[in-house]
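Taking the hints as your guide, dock the two standalone chains into a single complex.
Chains L and V supply the protein sequences, listed in that same order. Here our numbering is used: the first residue of the first sequence is 1, the next is one more, and so on. Here our numbering is used: the first residue of the second sequence is 1, the next is one more, and so on.
If you're looking for bench data, these hints aren't it; they were derived computationally from the structure. Errors might be hidden in some of the hints.
[What the hints assert, rightly or not] Ranges between beta-carbon positions, derived for each pair:
no.	chain 1	residue 1	chain 2	residue 2	range
1	L	P126	V	R77	51 to 59 Å
2	L	S2	V	S219	22 to 30 Å
3	L	P22	V	D113	44 to 52 Å
4	L	A162	V	H191	45 to 53 Å
5	V	D113	L	G5	19 to 27 Å
As the structure is a computational prediction, the values presented were derived from the model and not from experiment. Just so you know, even glycine gets a beta-carbon here, dropped at the ideal spot from N, CA and C.
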Amino acid sequence: MSGIGLTLRQVRYENLAFWRNPAAAFFTFVFPLLFMVIFNVLFGGGEDGGRFFTPAIIVFSVITATFTNIAMSLTMARDEGILKRIRGTPLPAWAYLGGRILHAAGVALLLVVIVAAFGAVFYGVPVPWAQLPALLVTLLLGAATFCALGLAVSAFVPNADAAPAVVNAAILPLLFISNVFFPLQNAPEWINVVSEIFPVRHFADAMLRIYDVNTLGAGFSNGDLAVMAIWGVIGLFVAARFFSWEPRH
Amino acid sequence: MPAAPDAVRVRGLRKAYGAVEAVRGVDLTVRTGEVFALLGPNGAGKTSTVEILEGYRDRDAGEVSVLGIDPRSRDARLQQRIGIVLQATGLNHYLSVRETVGMFAGYYPAPRDPDEVIGLVGLAELADRRITRLSGGERRRLDLAVALVGDPELLFMDEPTTGFDPSARRQAWEVLRGLARLGKTILLTTHYMDEAQELADRVAVIHAGQIVAEGTPQSLGGRAMARSTVRFSLADGADLPDRFGARRLPAGYELETDSTTRLLHELTSWALSANVELVGLEVNPPSLEDVYLELTREASAA
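Just chain V, same shape as in the assembly (with noise of 0.2 Å):
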């Protein structure tokens, strides 16, 4: 069976404004299907990545290829086939919910059910508020609903959770993995760690307007993942020998190694023949933001 053709593919891309290069050759393959997180600090490019994918922005080099179509050429039938929620975006706000994804629902050919749209990111009791009257977060899910009644393949989605509370938070992954579990393609940008490690597929880090790792949540940043940190506490009056190299912490030690067996191995030995307890002991992966962190720092430095 061939491969689905990808959802996005972009070769090259550059974009600069002035003399500021936002954008320094970015290779980019979204398969169809898949969710797929673009994670970078503030200013790394991703907006304008992700703007001229959809059309708002042109291009000064590279191909780009949504949906097979170039996005350049704004042809209708692409815009037809997107879904996008921006940053920030207002709304009439003198209509109802209802009335607003009602008025969207007509700007496309194959829209879906108003209501079922309003369900689905969980509005439906606020139907008849009117849009002065939301809160933050519930303007928020509105804007997803309006992104998502064209019944679009492919989502466009910057930032979708900055400024949501824990809750809603939760509340948006689960609307947005019943999409991906519905087949939709998701291109999600997001400054959080925790968003691309739950929700995404396949993340690329963008670093200073250049794609500086790409992969899985889970195998990212190869070696940088390999490192683990170890934390626990002693008992009162027993103290760590310097030569475990640990770091003090409030309640505790910390330490972080490329070779975690060994370490534990170590410190257990120590541990049973001072009969000692190492209270608390935890051992942790890095966290995708660790990767993060040491990926954009690299880049940095390099």
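The following block holds chain L by itself, in its conformation from the complex (with noise of 0.2 Å):
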């Protein structure tokens, strides 16, 4: 079979067992849209808040579905020796990988569909149609450079009972600070400056600015795309120096 064969062939049955956990799945289309609720109510609120947290929480919803789940999924497969079990075939590490990554891909396409169209329906946010290529091109490499970074952390948390401290520990200061559970117009200036060090916060100004409706033009915002692109490879090269396939003892 070729690696590509191989490769969709992983993510249908990755898929295949996503579904059969019904509450996991539920929670992760749900748990985006809590958040955009929630956080309307306290921050926002109207049009504006809507305009805000519709982009913010795009920018949340591909993070935890490739980030915070590559991260967790694979340490915890990873100590139940699946990923060893893995190993011992002729399967390539890229084709088993890969499809682990693109169903993560993939569901967090859907989530993004669904935000976006929940802001539109619930809040009046247009979907930026204009802006279409610029979305589908920050979607594309935040989901990549997310994964790549879930990829690269899992090689970090010692075990499976770790990995939702330490992938949380990693994660949610970012979030907090990076503009997408808040406005940061009036946060003191070192926030802005250690936040822009990190990829969050340049994903999630790229999503804005494609959500502004003050924005003309194509809407790319090709310093944010440089920094996350930068973190990606980064990330990528941790992974391939320190991932493990077995349990850390």
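Structure, rendered in structure tokens:
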């Protein structure tokens, strides 16, 4: 079977298993919507709130469906010996990991559609069709970057029990300081400086710009995309160097 | 006719984890088509040795050839020809038995029919059951099915029946004997002596990272093998003379000897002259377990 065939076949099995755990699947999709409603009630409300939180929760959705999901599920698969067993078969490593990554990206995409539709219907935030190419490129780059970072982080999670704590510790503070959970306009300058080092902020800013009604033109944020791409490449290198197929003892 | 090349050939294998030397100069040869058991207590270096052969672990020194390929190369052509049953490996719980075996079949160039393999390990009636709902023994059989579906020439099994109840063990042994009849080469590790005795054509005993004995289950240990155990009991009131040096059991006596014929002669002579019956007289050659305990004890003392 060709390499792509092997990868797609793996996606199919991942997907089969994903929907067989309905509680997990349900909350994967409901969780971001729940956040969207709560944040709108607390911080925004009305059209302005929706205009901020629709792109912000899109970013949050992509990050949970890729980074958080991959880092946690791979750590668990590693601890259960699933990865070790795969490693003993002729299936190439990239075909297995590629299958998991593509599935995660697919879930992320579905979530984006749901969040965008939710924002359009309940908060009157129009889908930025004029910036569609920028939207797709930003989403794809965001998904790729946070998949790579998820792989990288899984290499440093000591065991499955520690996975939620470590992964949340890596991502939650960034979500708070990166224009995702609430707008940063009144934040102290040092918060801005710190958050601009990391990719979450750039993903959020790029997406906010696409959703900003004042944006004219294509809506590409080249600087933000470049920072995300650099982080993605760093993630890949770290994963290639430190990724482990066996439980850490 | 030239002999078939050896399935596994290991010379001077060494592996250390930090300061701990797990494998200290192991030589092994597994011939094509035989069932070979690597026998040893926990921590003896069995798993380290086998995982180097499987390509999971690199070695510090020594030569290793598995089906003519160095597993260090992680050549996919080797992985295509071997099957691996590890001690603790997981599967995606949400897939069924048939889906799981089918998924693994797709990884190999010339797999066996998944349903046939599922039948072979005795899971035909559970083929549509999800893994979450399998018992421990059923999962272990699924492990075997997953290892077999690629139609391997060489099967590695790390403690294949650990945790099985007696009937599940017998079933697993039957499956393994069937595989051996098909001409598969099997390298299994175990700390059950009876398993090695039942299944293996040849056995190597590993202790503290070194092979301390090797041979057929019958011949293993040489001198230790000549020692047998004699047990019997006496009717009420009768006592065995002290000169026999017998050990008292709750119900009778036990004697160990290197010269069975002489002991039996002396024992029965005494019994006839004293007019007592040796009730339930039995003579047992040493089990592989006795040999093994003896060998590992000697190795520890050395």
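Results of checking the hints against the structure:
The given range of 51 to 59 Å is respected by P126(L) and R77(V), whose C-beta atoms sit roughly 56 Å from each other. In this structure the supplied range 22 to 30 Å is violated for S2(L) paired with S219(V), their Cβ-Cβ distance being about 51 Å. Between P22(L) and D113(V) the CB atoms are about 32 Å apart, so this pair departs from the stated range of 44 to 52 Å. The supplied range of 45 to 53 Å is broken by A162(L) and H191(V), whose beta-carbon atoms lie about 32 Å from each other.
Look at D113(V) against G5(L): about 20 Å separates their beta carbons, and that is inside 19 to 27 Å.
In terms of the numbered hints stated before, the structure departs from hints 2, 3 and 4, listed from lowest to highest.
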